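Q: The primary structure of each chain is shown beneath.
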Amino acid sequence: MSTLLSFRDVWVEYGDRIIIEKLNLDIEEGAFVSVVGPSGAGKSSFLRLILGQEGPSRGVITLDDTPLKPECGPDRGVVFQRYSVFPHLSALRNTILGVECEKAPVLGRLFGSARRAAQEEATEMLTAVGLGHSLDLYPAQMSGGMQQRLAIAQALVKRPRILLLDEPFGALDPGIRADMHALIRNLWRKYSLTIVMVTHDIREAFTLGTRVLALDKRRHDPHAPHRFGATVVYDLPMRERAEASSEENENITIDVKRNN
Amino acid sequence: MRWVNRQVGRGGRVLLGATPILLLLLVYIVMAASRHAVNPADKILPLPGAMADSMAALLFVPDQLTGQLVFWADTLASLQRLGIGLGISTLMALVVGLALGVLPPVRATFGPLVTGIAVIPPIALLPILFIALGLGETAKVALIVIGIAPVMIRDIAAHVSALPKEQVIKALTLGANSWQVMIRVALPQAMPRLLHAIRLALGPAWVFLISAEAIASDVGLGYRIFLVRRYLSMDVILPYVAWIALLAIVMDAALTFLSHRLFPWAHGESH
Chain L
1 MSTLLSFRDV WVEYGDRIII EKLNLDIEEG AFVSVVGPSG AGKSSFLRLI
51 LGQEGPSRGV ITLDDTPLKP ECGPDRGVVF QRYSVFPHLS ALRNTILGVE
101 CEKAPVLGRL FGSARRAAQE EATEMLTAVG LGHSLDLYPA QMSGGMQQRL
151 AIAQALVKRP RILLLDEPFG ALDPGIRADM HALIRNLWRK YSLTIVMVTH
201 DIREAFTLGT RVLALDKRRH DPHAPHRFGA TVVYDLPMRE RAEASSEENE
251 NITIDVKRNN
Chain G
261 MRWVNRQVGR GGRVLLGATP ILLLLLVYIV MAASRHAVNP ADKILPLPGA
311 MADSMAALLF VPDQLTGQLV FWADTLASLQ RLGIGLGIST LMALVVGLAL
361 GVLPPVRATF GPLVTGIAVI PPIALLPILF IALGLGETAK VALIVIGIAP
411 VMIRDIAAHV SALPKEQVIK ALTLGANSWQ VMIRVALPQA MPRLLHAIRL
461 ALGPAWVFLI SAEAIASDVG LGYRIFLVRR YLSMDVILPY VAWIALLAIV
511 MDAALTFLSH RLFPWAHGES H
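As they're listed, the protein sequences go chains L and G.
Under our numbering, residue 260 is the last one in the first sequence; the count climbs by one each step, no gaps.
Under our numbering, residue 531 is the last one in the second sequence; the count climbs by one each step, no gaps.
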């Protein structure tokens with residue numbers, strides 16, 4: 001596996017507050033990286049760095065050996081815990097949006113055969129996440145789990161190099177969360193995705209990831225807690241277990257119980 | 261049962277809603293009748309019959325000077341001014357509000373200017389408008405626009421910039437540029453708010469319309485009211501006020517209906 005994303009001596013500082021210090025990290029293509037850590041340990045900053053929402057204060061982040069611009073782009077897809085889908089568009093049109101933005105820079109809409117092609121592609125992706133029968137529903141008519149499925153389909157239609165998940169299942173109830181775990185694993189395998197998932201749920205991090213990163217501060221000054229930043233303190237490869245469990249997970253289909 | 265839990269049915273709502281209105285009408289008629297019992301020529305509280313007589317003249321008899329049906333000419337002139345003023349304001353709110361809300365450099369440049377214009381009492385600008393634009397239609401429409409556009413612009417800008425940041429980021433990761441964020445993410449979500457802003461602006465728009473017509477005009481609902489005031493013609497003023505109220509209610513209801521019809525996703529309907 002080749003290195004897809006690499007951090008070289010990356011620091012994030014706001015004034016004299018240090019959030020992330022001296023982060024060196026390589027993420028291989030096809031990895032499913034779970035990121036855990038206590039609150040305030042820079043998990044969100046880490047995600048924002050990859051997303052391009054902000055740039056590092058020092059150091060370099062490279063994607064495919066080219067430095068990342070500090071701006072969000074279509075090579076990195078994202079699913080947030082909430083607000084990931086557009087409330088004014090139906091499921092199908094939410095998913096087509098990515099194609100429309102690329103191919104219709106002025107109108108932002110496609111017509112005729114281009115539109116039909118985009119619709120087919122979007123329908124296929126929605127079917128893959130289990131929303132094949134809910135193409136015309138608006139997000140307000142969907143359950144939380146369905147909205148997250150839609151958000152995943154919306155991101156995957158752009159075939160991003162990296163899919164970023166920011167506590168994507170945090171607001172879902174346990175049964176639906178299990179379905180979503182099976183779904184994301186299947187999609188990861190089917191589309192050979194590279195996924196970086198930030199989560200609060202340690203169990204989720206270990207069951208899903210092929211690699212678990214724990215972010216925390218190495219040093220702590222009780223008189224100046226902001227003087228030291230967080231970095232990767234544990235980097236645990238889970239590959240063997242992931243491969244082993246993949247055998248028994250083979251028969252998991254998307255949303256067997258049809259409960260969301 | 262506690263009062264907060266007492267739900268009123270459809271029939272009950274009509275009955276309860278009509279009661280105070282009918283009561284008020286009854287009180288008026290009783291008071292008017294008692295005044296007329298003392299002085300049959302009383303002009304302050306005219307009886308419905310007198311109102312109907314004088315309104316019939318305005319409704320159906322052409323004016324000797326202009327040959328127009330006065331009531332309809334007034335209504336048409338006022339609605340035209342109101343419509344043009346509201347239309348221009350709405351367009352400005354949409355274009356300027358959207359740009360202010362979505363694009364930080366535009367907000368930094370024009371935000372203070374819009375805020376500055378919004379805090380000026382529009383009536384204080386009326387003399388300037390009359391001096392600069394003359395006493396014709398332009399000045400009246402301009403007063404309405406200056407009166408309501410800044411508030412609407414700020415409302416739309418605030419609504420757009422309050423959209424969840426995640427939505428904009430999501431759109432960017434889907435490959436959208438600034439323009440596409442504006443027309444595909446911000447604009448559709450600003451539309452229901454825009455209709456709401458028009459509804460709220462209707463009240464002030466009427467105020468500025470009547471003010472402008474009262475000061476310099478030769479036709480219009482506000483002009484007529486202020487004209488007949490000289491003759492204590494309450495029998496014309498009261499029906500005119502009622503007519504203005506009716507027009508305002510119809511416009512408000514139409515906007516609400518339109519919003520539910522065009523943007524069902526914004527009203528939690530079809531759930």
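A portion of the hints provided could be inaccurate.
Taking lysine to aspartate or glutamate pairs in the EDC-like style, the calculated list, with each CA pair at most 20 Å apart, reads [claimed, not checked]:
#  : chain 1 : residue 1 : chain 2 : residue 2
1  : L       : Lys190    : L       : Glu28
2  : L       : Lys22     : L       : Glu167
3  : L       : Lys69     : L       : Asp26
4  : G       : Lys425    : L       : Glu71
5  : L       : Lys69     : L       : Glu54
6  : L       : Lys69     : L       : Asp9
7  : L       : Lys103    : L       : Asp65
8  : L       : Lys190    : L       : Asp201
9  : G       : Lys425    : L       : Glu167
10 : L       : Lys69     : L       : Glu13
11 : L       : Lys69     : G       : Glu426
12 : G       : Lys425    : L       : Glu54
Here are the simulated distance ranges between beta carbons [what the hints assert, rightly or not]:
#  : chain 1 : residue 1 : chain 2 : residue 2 : range
13 : G       : Leu351    : L       : Val106    : 34 to 42 Å
14 : G       : Val355    : L       : Ala114    : 25 to 33 Å
15 : G       : Pro322    : L       : Ala114    : 58 to 66 Å
16 : L       : Leu135    : G       : Arg270    : 32 to 40 Å
Calculated from the model, a selection of chain G residues having no Cβ within reach of chain L, i.e. all distances over 10 Å [unchecked claim]:
#  : residue
17 : Gly309
18 : Leu434
19 : His520
Rather than coming from a laboratory, the hints here were simulated on the basis of the structure.
Note that the coordinates shown come from a computational prediction; the quantities given were computed from them, not determined experimentally.
Glycine is no exception: its CB is placed at the ideal position from the N, C-alpha and C atoms.
Q: Confirm or reject: His520/G is not an interface residue toward chain L, with every Cβ-Cβ distance exceeding 10 Å.
A: holds (14 Å)
Q: So if I understand the rule, the pair passes when the alpha-carbon distance is 20 Å or less; does Lys69/L with Glu426/G pass?
A: Since the Cα atoms of Lys69/L and Glu426/G sit roughly 19 Å apart, the hinted pair holds (cutoff 20 Å).
Q: Is 25 to 33 Å a correct range for the gap between the Cβ atoms of Val355/G and Ala114/L?
A: holds (28 Å)
Q: Please work out if Lys22/L and Glu167/L have their alpha carbons no farther apart than 20 Å.
A: Violated, at roughly 24 Å.
Q: Taking 20 Å as the top limit, are the C-alpha atoms of Lys425/G and Glu167/L close enough?
A: holds (16 Å)
Q: Quick one: are Pro322/G and Ala114/L within 58 to 66 Å, going by C-beta?
A: Given range 58 to 66 Å: holds, Cβ gap about 60 Å.
Q: Is the Cα-Cα distance between Lys425/G and Glu71/L 20 Å or less?
A: OK: Lys425/G and Glu71/L at ~14 Å, within 20 Å.
Q: Going straight from one Cα to the other, do Lys69/L and Glu54/L come out at no more than 20 Å?
A: holds (9 Å)
Q: May I ask you to check that Leu434/G keeps its beta-carbon over 10 Å from the closest beta-carbon of chain L?
A: violated (4 Å)
Q: Determine whether the Cβ-Cβ distance between Leu135/L and Arg270/G falls within the hinted range of 32 to 40 Å.
A: For Arg270/G against Leu135/L, whose Cβ atoms are near 36 Å apart, the range 32 to 40 Å holds.
Q: Is the hinted pair Lys190/L and Glu28/L satisfied, with a Cα-Cα distance of at most 20 Å?
A: Holds, at about 17 Å.
Q: Given the hint that Lys69/L pairs with Asp26/L, test it: the Cα-Cα distance must not exceed 20 Å.
A: Measuring from Cα to Cα gives roughly 18 Å; hence the hint holds.
Hints 2, 7, 8, 13, 18 from the earlier list are contradicted by this structure; the remaining hints agree with it.
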